[in-house]
Every structure is written in C-alpha cells, then in structure tokens.
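K.L.:
Sequence:
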Amino acid sequence: MLQKIRQVEKVFREIDADVKRIKSVTGTGCPSGCISCCLKPNLEASVLEFLPLAYHLVSTGQDEEVVEKIENGQTICVSLNTMRVDDKQPGCGFYSHRGAICRLFGSAPLRDPKTGKLGLYACKILKENYAAEWGDISAKISAMPKQPVVSDYYYRLMAIDPHLANDYNPINLSILKAIHKVSLSVRNRPQPNAPFGKAV
1 MLQKIRQVEK VFREIDADVK RIKSVTGTGC PSGCISCCLK PNLEASVLEF
51 LPLAYHLVST GQDEEVVEKI ENGQTICVSL NTMRVDDKQP GCGFYSHRGA
101 ICRLFGSAPL RDPKTGKLGL YACKILKENY AAEWGDISAK ISAMPKQPVV
151 SDYYYRLMAI DPHLANDYNP INLSILKAIH KVSLSVRNRP QPNAPFGKAV
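Under the numbering used here, the sequence shown has 141 at position 141, and the numbering climbs by one with no breaks.
Take the hints with a grain of salt, since some may be wrong.
Derived DSS-like pairs: lysine-lysine, alpha-carbon spacing no greater than 27 Å straight-line [stated by the list, open to error]:
hint: 1; residue 1: Lys23; residue 2: Lys140
hint: 2; residue 1: Lys124; residue 2: Lys140
hint: 3; residue 1: Lys140; residue 2: Lys117
hint: 4; residue 1: Lys23; residue 2: Lys40
hint: 5; residue 1: Lys40; residue 2: Lys124
hint: 6; residue 1: Lys177; residue 2: Lys4
hint: 7; residue 1: Lys69; residue 2: Lys181
hint: 8; residue 1: Lys4; residue 2: Lys20
hint: 9; residue 1: Lys20; residue 2: Lys10
hint: 10; residue 1: Lys10; residue 2: Lys114
hint: 11; residue 1: Lys40; residue 2: Lys69
hint: 12; residue 1: Lys181; residue 2: Lys4
hint: 13; residue 1: Lys114; residue 2: Lys127
hint: 14; residue 1: Lys117; residue 2: Lys23
hint: 15; residue 1: Lys40; residue 2: Lys20
hint: 16; residue 1: Lys40; residue 2: Lys177
hint: 17; residue 1: Lys127; residue 2: Lys117
hint: 18; residue 1: Lys127; residue 2: Lys140
hint: 19; residue 1: Lys177; residue 2: Lys20
hint: 20; residue 1: Lys146; residue 2: Lys23
hint: 21; residue 1: Lys40; residue 2: Lys181
hint: 22; residue 1: Lys20; residue 2: Lys127
hint: 23; residue 1: Lys146; residue 2: Lys20
hint: 24; residue 1: Lys127; residue 2: Lys23
hint: 25; residue 1: Lys20; residue 2: Lys140
hint: 26; residue 1: Lys114; residue 2: Lys23
hint: 27; residue 1: Lys23; residue 2: Lys10
hint: 28; residue 1: Lys127; residue 2: Lys146
hint: 29; residue 1: Lys127; residue 2: Lys40
hint: 30; residue 1: Lys10; residue 2: Lys177
hint: 31; residue 1: Lys117; residue 2: Lys20
hint: 32; residue 1: Lys114; residue 2: Lys124
hint: 33; residue 1: Lys146; residue 2: Lys69
hint: 34; residue 1: Lys146; residue 2: Lys114
hint: 35; residue 1: Lys181; residue 2: Lys10
hint: 36; residue 1: Lys177; residue 2: Lys23
FYI, nobody ran anything at the bench for these hints, they're computed from the structure.
Between the sequences and the hints, there should be enough to build the whole structure, so can you do that?
P.N.:
Right, here's the structure in full:
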C-alpha cells in the first residue's frame, strides 16, 4: 500500500510542476480565497487519488474525526475549512494531501472532444474572470511543447491501480473508502520485531 501511495504522490508532483508552468505562461489563477468548487455537494473523485490523504490522516491520528464527519452525512468535502481562523482564509485543511481533481481543476489543459482544441479545465468563475483573454489563453496552452492534458494524468493514476482509479464516488465516500483501505493495511503490516508473516 505504501508503495502505491508513493506512486500517486509522484504523479501529484508532476501535476503540480506542470500546473505551475501553465500558470506562468497563461497568467491565470483562481481568485484569492475562492472555494466555490469545494462547496459543490457530492463532487465525485476516485478512491486512489485520496490514498495519500488517508495515509496522512491515519498516521497523524485524525482519521476517526474525519470518518465521524462523513458518517454524520457531511456532503461538502470533509477537508474544507469554511471558517476564517486566525486571519487565515477558508480553504482546504489538508492542502498538500489534496486529490488529483483538486490539483487539476482550474489549472490544467483540457482537450475539447468536439473541436480537439486545448483549453483550460475551468469553472464558470474563471471563464468569466478571463473572458476577454480566453482565446489567447487557449492559444498559449496549445503552443506549449508536449503539454499533458487532464486525461493523461488520470491514465497515469489508472496504471497504478485500475480498480481504485475507476472507483468513483462522491468525494467524501472516496475519502472514507481510502481511509478504510489504509487503516486495514497499516493494521496488517508486519512490524520489524514481529514473527515472520505475522502482523501485530
């Protein structure tokens, strides 16, 4: 399981590097403090992309609190802090462990299935904010050499574990499933001083 998590994290590092480059070329970015996409109820994501978050939660003892929130019926992403605390803007409470959809949306290129042209994987707010430059943004993305699109990253994730990569659910259910899988793996992992083949 740990190897699988490290492989997912490697894809995430590639996404982050590509997104940083795209933003520098296009000059686009989400409005400061915007959490509109995070507030969408029952936003769907795969179980695989939340294994790193699940591992972080289990490793730091925060998993039970998160599981309780999900099982109590919270529909918006359980990672989201909607309150302003200590002058910090509302936002993701586990930003460095967020899923692929969170890293890609609003930042990565998406190919239009009808025209084949590249554009930005963006929400209505971004499209309105950059309406005047939208055509220019698409042209800049198209001019970038060997630029991966959204589907390329998901193919990379699928190569790690096709089953978990295709297990799509409302985001909190995927987080819950990921926590259960990581918890089970951690509990069953043999300890250094345990008899061979036995977990403690």
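K.L.:
Next step is simple, just say for each hint if it's right about the structure.
P.N.:
Verification of the hints:
no. : hint            : result
1   : Lys23 / Lys140  : holds, 11 Å
2   : Lys124 / Lys140 : holds, 20 Å
3   : Lys140 / Lys117 : holds, 12 Å
4   : Lys23 / Lys40   : holds, 24 Å
5   : Lys40 / Lys124  : holds, 13 Å
6   : Lys177 / Lys4   : holds, 15 Å
7   : Lys69 / Lys181  : holds, 18 Å
8   : Lys4 / Lys20    : holds, 25 Å
9   : Lys20 / Lys10   : holds, 16 Å
10  : Lys10 / Lys114  : violated, 31 Å
11  : Lys40 / Lys69   : holds, 17 Å
12  : Lys181 / Lys4   : holds, 12 Å
13  : Lys114 / Lys127 : holds, 19 Å
14  : Lys117 / Lys23  : holds, 18 Å
15  : Lys40 / Lys20   : holds, 25 Å
16  : Lys40 / Lys177  : holds, 20 Å
17  : Lys127 / Lys117 : holds, 16 Å
18  : Lys127 / Lys140 : holds, 16 Å
19  : Lys177 / Lys20  : violated, 30 Å
20  : Lys146 / Lys23  : holds, 16 Å
21  : Lys40 / Lys181  : holds, 25 Å
22  : Lys20 / Lys127  : holds, 19 Å
23  : Lys146 / Lys20  : holds, 15 Å
24  : Lys127 / Lys23  : holds, 15 Å
25  : Lys20 / Lys140  : holds, 14 Å
26  : Lys114 / Lys23  : holds, 25 Å
27  : Lys23 / Lys10   : holds, 20 Å
28  : Lys127 / Lys146 : holds, 24 Å
29  : Lys127 / Lys40  : holds, 17 Å
30  : Lys10 / Lys177  : holds, 21 Å
31  : Lys117 / Lys20  : holds, 21 Å
32  : Lys114 / Lys124 : holds, 19 Å
33  : Lys146 / Lys69  : violated, 42 Å
34  : Lys146 / Lys114 : holds, 21 Å
35  : Lys181 / Lys10  : holds, 20 Å
36  : Lys177 / Lys23  : violated, 33 Å
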